[in-house]
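Participant: So you can see what is in the structure, the chains are spelled out below.
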Amino acid sequence: MIKNFYNMKQQNIEAEVIPADKEKIKKIWKVTAILGAITVLEFIIALGMPGEGGIFKTITFILMTLVKAGYIVSEFMHLGHEAKALIYSILIPCVFVLWLILALLIQGTAIYDVLF
Amino acid sequence: MASSAIVVEENKDLWAGGAEPMKASYGKLMMWFFLLSDAFTFSSLLITYGLIRFSHQVYEGAYSAFEFSQNYWPLPDFVFDGLPLLHGIHAPLVFVGIMTFILILSSVTMVLAVEAGQRNDRPAVEKWMLWTILGGIVFLSCQAWEWTHFINGKDIGMSLMDGSIFYGANLSFNQYGPPNFATLFFFITGFHGFHVFSGVVINFIIFYQATTGVLARRGTYEMVEKVGLYWHFVDLVWVFVFTFFYLI
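One line per chain: the protein sequences are S and P, in this order. Residue numbering for the first sequence follows the numbering used here, beginning at 5 and increasing consecutively. Residue numbering for the second sequence follows the numbering used here, beginning at 88 and increasing consecutively.
This is chain P alone, in the form it adopts within the complex (with noise of 0.2 Å):
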């Protein structure tokens, strides 16, 4: 007769009371409602561009004749055209394409992070999240890249009533529109941006203690799983940014 052996486990995801409510874990359902919390201040702030974009003259001349104006909201497509080392090419959205696309594909490999660790496989996890942190990283340095650009401005500044010439943006001019346009810029993208900033770190956190071994000896790689759960939100809310700030 093969020797068989009864193996009792425990159930990792019961919470201390014995019972597991919506058949999660306590910390997995407890980062949702953080997500959901999350969701609501990113929320407030896109809807609060809604309302000063709403409360701002629209450009209503042809899309070729375009001029920045303090008078009313800038196209983005002529405000965010620059690419690295190609100087005074006009490329609409073509960066920020890049960066999303960045930044879908490190929530794709944080998936397949995520899958390695339910199955236990320890360096395809490693492997995984190096990717994720890797893309987070990369995007970052995008989003560098695009605020040293937005803030140096174009070639062409804006004439001052003192005669001298403006360029960029700061938090109280810019040349591109009225001065809540590069407010809110800053606001909402460097919110965003710091919000992969320290979901690189926490990945990288995750991905020490996948390499060190202390994922493994817990005997659950949940850890990646709910780390994975913020890192996905932060690429949710690109998608929102990304739309209502360069698209539309």
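The shape of chain S in the complex, shown without the other chains (with noise of 0.2 Å):
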């Protein structure tokens, strides 16, 4: 059945091969680059100062992982050009996450309170 399907549509088979757009290209290249010079520089940041920096290293890990998501999401899966309500539709509901990574992590410290 499936097969007979595609045959009939075979007629007009092979859709025409549009030339790259060199633009689109370059640009994938550039996200790239950005995504690998942001690893490296955590790299350098986690073998340079192992042991130091605390709470602020922490910080900016988990800034530059935001960074990373952000380029991922908005231009590898191209989320930043769709359209308006589905970019909220998928950003909205993220508030969820936040609101389990403040509640888990104060119960986390309030076991820890209880424990040590």
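The reader is advised that the hints may include incorrect statements.
Unchecked claim - Listed below are the simulated DSS-like cross-link pairs for lysine-lysine, each with C-alpha atoms no more than 27 Å apart in a straight line: (1) P/K110 to S/K30; (2) P/K214 to S/K28; (3) P/K110 to S/K88; (4) S/K31 to P/K115; (5) S/K26 to P/K110; (6) S/K30 to P/K214; (7) S/K26 to P/K241; (8) S/K31 to P/K241; (9) P/K313 to S/K34; (10) S/K28 to P/K110; (11) P/K214 to S/K34; (12) S/K30 to P/K313; (13) P/K115 to S/K28.
As the list claims (entries may be wrong) - So the derived label-pair ranges between C-beta atoms look like this: (14) S/A87 to P/G148: 49 to 55 Å; (15) P/I243 to S/A87: 56 to 62 Å; (16) P/P108 to S/K30: 31 to 37 Å; (17) P/F120 to S/W103: 16 to 22 Å; (18) P/G277 to S/I29: 33 to 39 Å; (19) S/P97 to P/W102: 20 to 26 Å; (20) P/P210 to S/K26: 14 to 20 Å; (21) P/V301 to S/I29: 22 to 28 Å.
Because the hints were derived from the structure by calculation, they are not lab data. Glycine residues also receive a C-beta, built at the ideal position from the N, C-alpha and C atoms.
Take the two lone chains, each set in its own frame, and fit them into one complex as the hints suggest.
Facilitator: Okay, structure coming up:
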């Protein structure tokens, strides 16, 4: 059945190949370079100052991770170029994640206080 | 006069109701919502890691004097410091760093496959899909090594109460720190690894469909875009796993 369906459509097969858009490909490699650079920077920080930095280092790592995530989602996954309604219907539910972070980390500290 | 023809092309993105909500095809939109739910799953796992880590003691001593102990959470630099073929070298993060780059690169080749698909460029789709699959397989192989290393343990084991020495990790014990440390490691990197594995399988199916011309006959390479979304999501999760497990 399925095979027949495709054969039926075969009359207008092989859509035309459109030549590559140099700008678009350049942009892909630019995002790659940014992602790579941030990762390299993370390494320099992690290896360059082991055991130092404390909370500031942690915050720097998390911010860098969020920047990387932003580039992956908006450029690689193309979400930044979708309709506004789609962008918001994906991003707004993530508020629940923020809530969970807050709730469970407070809970973790509370467990720590009981145990130690 | 030049001959011209009017081609009425049906819009393949229209849903059965004849509309196109949020200017996305049905499949793509549903992939996005699936990924959102998957993001919740991974968030819960990583936040649980945070909860359990916050409820354990922190190592307070000097960095260079660090020793594994059941009493506090280990420093990742000392747990994940191995490299294949280079036994005994303390190289923190280097191997996972390589893994991170492999996954980012395979994400890039996936973007290039999607881009080629939008241009109906079948040879380019095949080429970039193949590179993506290869990147996924290399990543999985690295993870297999990483797990083996983690399970087999270090040269110096952990002395148990009965006088025997325990090396490495399983779901109840591990020489690196509190039992939950290894449990979370297995669960989270394992769940991510399984996502990578299914991603490779799905990518292969679409690669197969591209090479056999199924996608060309369908007239659209949108399938490549959909599996591309999944693949980028796997990369996205790794970015977070990398930070919370290995960096912090």
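Participant: It remains to establish, for every hint, whether it holds in the given structure.
Facilitator: Evaluation of the provided hints:
1. P/K110 to S/K30: holds, 26 Å
2. P/K214 to S/K28: holds, 18 Å
3. P/K110 to S/K88: holds, 10 Å
4. S/K31 to P/K115: holds, 23 Å
5. S/K26 to P/K110: holds, 25 Å
6. S/K30 to P/K214: At roughly 18 Å apart (the allowed maximum being 27 Å), P/K214 and S/K30 satisfy the hint.
7. S/K26 to P/K241: violated, 50 Å
8. S/K31 to P/K241: violated, 44 Å
9. P/K313 to S/K34: holds, 23 Å
10. S/K28 to P/K110: holds, 21 Å
11. P/K214 to S/K34: holds, 21 Å
12. S/K30 to P/K313: holds, 22 Å
13. P/K115 to S/K28: Roughly 21 Å separates the two Cα atoms, so the pair holds.
14. S/A87 to P/G148: 49 to 55 Å: Holds, since S/A87 and P/G148 (Cβ atoms, about 54 Å apart) stay within the stated range.
15. P/I243 to S/A87: 56 to 62 Å: holds, 57 Å
16. P/P108 to S/K30: 31 to 37 Å: The hint (31 to 37 Å, Cβ to Cβ) holds, given that P/P108 and S/K30 are roughly 32 Å apart.
17. P/F120 to S/W103: 16 to 22 Å: holds, 20 Å
18. P/G277 to S/I29: 33 to 39 Å: Given a distance of about 36 Å, which is inside 33 to 39 Å, the answer is holds.
19. S/P97 to P/W102: 20 to 26 Å: For S/P97 and P/W102 the Cβ distance comes to about 22 Å; the hint holds.
20. P/P210 to S/K26: 14 to 20 Å: The hint (14 to 20 Å, Cβ to Cβ) holds, given that P/P210 and S/K26 are roughly 18 Å apart.
21. P/V301 to S/I29: 22 to 28 Å: Check passed, 26 Å falls within 22 to 28 Å.
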